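Residue-level listing of the chains:
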Amino acid sequence: MTLRTSVPITYTSGEQIEVYRFNIPVTVGVPLLALFLQAFVPRRFPFFSIFDLPLLVTIFFAMARRNPISGLFTGAAIGLVQDMLGAYPIGIYGIAKTVVGYGASSLGAKLDVENAGARFLVTLGFYLVHQAVYFTVARGMVNLTLNWSWSRGILAGVANAFLGVFLYFALDKFKQRT
Amino acid sequence: MESVLGRYRNLTILVGVLFLQVLGLAVQVKRSAEAEHTRLIRIWAVDAITPFERVLVWGQDRSSNLWHNYFFLRGVRAENRQLKEQIEQMRLEQVRLSEDAAQARRLQSLLAFKEQFIAKTIPAQVIGSSGSDLSQSIYIDKGSDDGIAQDMAVITARGIVGKVLRVFPSTSLVLMINDQSSGVGAFLEKSRLQGVLRGSPNGELILDRVMSDEQVAPGDTLLSSGGDQIFPKGLPVGTVTKVSPGKELFLGVKVKPAADLSRLEEVLVVTERQEHEPVAESGGRVRAADILAQRLPSVPDKPATVAGATRTAENGAALQDSGNSANPQSTGASKPLAGNAMKPTGGAQATTGSNSAGSGGVHSVAAAGQPGAGEVLKKAVEKAPSADSSADQGTSNTAGSKRDNSAPKPAAAKPKTSGTQSAPQPSTNNDDTPH
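Going down the list, the protein sequences come from chains P and B. FYI, in this note's numbering the residues of the first sequence are 1 to 178. FYI, in this note's numbering the residues of the second sequence are 1001 to 1435.
These are calculated hints, taken from the structure and not from any lab test. Bear in mind that the values here come from a model prediction, so they are computed numbers and not experimental data. We put the CB at the ideal spot given by N, CA and C, even for glycine. One should not assume that every hint holds.
Unchecked claim - These stretches of chain P come out as covered by chain B in the derived footprint (C-beta under 8 Å, 3 or more residues):
no. : segment
1   : 66-77
2   : 81-91
3   : 95-109
4   : 139-150
Model the full structure from these sequences, guided by the hints.
Rendered as structure tokens:
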């Protein structure tokens, strides 16, 4: 009896971490809205281009579903549509967001990412991972002459992490327990 | 094998999805080297997004029009008065500039320079952006249905914006000049120093390939050089804001774009350009010798009779006075002669010309601006008797110089210059213009 109670309970156990799902309008509508806002808002407010709403949505869905396969497919789909609207070849954002989707859902399955601090750090980390993959593919494969700016990268990462914390809390309302 | 795949199922799927995307990218990179075509998948994505953007832009414009045109009309009367005054000043300036432009055209035709004119532009509205700070591009509401094609220059009245990268039926994607992958041939207006303008990761403009021993100062204006085969020569590009030591032997020159790239609403797409040799306004060919003859002090043809000489001198004086009073800015116009002729003012004219009626606008303004001075001159010439045709034939210059022959040398040079500039080509002087 004493032995049973002394068994450590970790946050990695499936019973402790809840898996959420979303209805179809939210699954389709939220990424589309994010892509639309990303294309439209910077026209009026140029500073908004520092944010990457599609990336934040990818991280949110991946962390909530905690399923690496759905996470990577969500990331791939959102990234490819973002590529189609951009000037560069299709697939650069696709690859970067696939990696982020997979990573975020794998991390979500192992850690509690429900509190604001964890969400901030996870978003900051995945933003940098996203940029690293993007630049590697763009420079290594497509031979684009893109230059990395550390100051801008860190600033954009922090800005996205801040926005992400608020956005995730807003999107939490659409979560449905499985 | 199955157990391994089953165990690493997630990782296998990740690798598979990544592999497919890498494959797709490789195909695109290979094809783009051969021929650039817009992919159907892009057209679908753009067609799905842009209608919403159009509706929103339309709604915004309507609401802002309603506000600005009906509710917010405070201070319009004062502004109108101010603008009218500004127009008057600009008219005066235009007369002076048209004189310079005519002179430049004469010299350009002399040197068989090719002029580039923007023959046709299509106005377009900016409806969206790529939405990424890594790619500086915008969407405009005109596409292949409106005659837009790839690699057309996109400009505003203030300066260049970018080039058309992809064309869809009703929209186009414009790669702006501050994108990292774009490059614009540009030169400094003052020093004529050439360089390549590129975008930085922060969306700033950098003038590349300028050696560190070159003289570049903040405030210097940059114009397009035309070397990229996209932008016509002489369009405003931007202003140098900061000069610092760059990598290796080059300077780091930061440039502020002439057009406000972050707040674009309407742009012009240059759909047609014309290249031709400039034609001097006089209509005929001007020889270098003739221009030199105009500039240099001339020798009188024949010694005139005493009475004739006296009368000629009187007329010359009258002519000189009238010329000076009629065209006060003529002396100012005479200054920039050769310097202005070599400047790429054609581009700047072309920009404004494109909005109105091409370079023809400049010509017609020049003709309209002249008669004020021309009429005074005509009256003065009419005063001279027909017997003194030898004096009249030599234009006002000749008349002036005849008088100046008796005058001391410094005074002789003065009426010569003013005579050249204030005597307009039409009416009396057209016959005297060397052919």
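Each hint, compared with the structure:
Coverage of the segment 66-77 of chain P by chain B holds in this model, with 5 residues showing a Cβ closer than 8 Å to a Cβ of that chain against a need of three. Requiring three or more residues with a Cβ within less than 8 Å of a Cβ of chain B, the coverage given for the segment 81-91 of chain P holds, as 10 such residues are present. With a threshold of 8 Å between beta carbons, the proposed coverage of the segment 95-109 of chain P by chain B holds, since 5 of its residues qualify and at least three are required. Residues of the segment 139-150 of chain P with a Cβ under 8 Å from some Cβ of chain B number 9, which satisfies the need for three, so the listed coverage holds.
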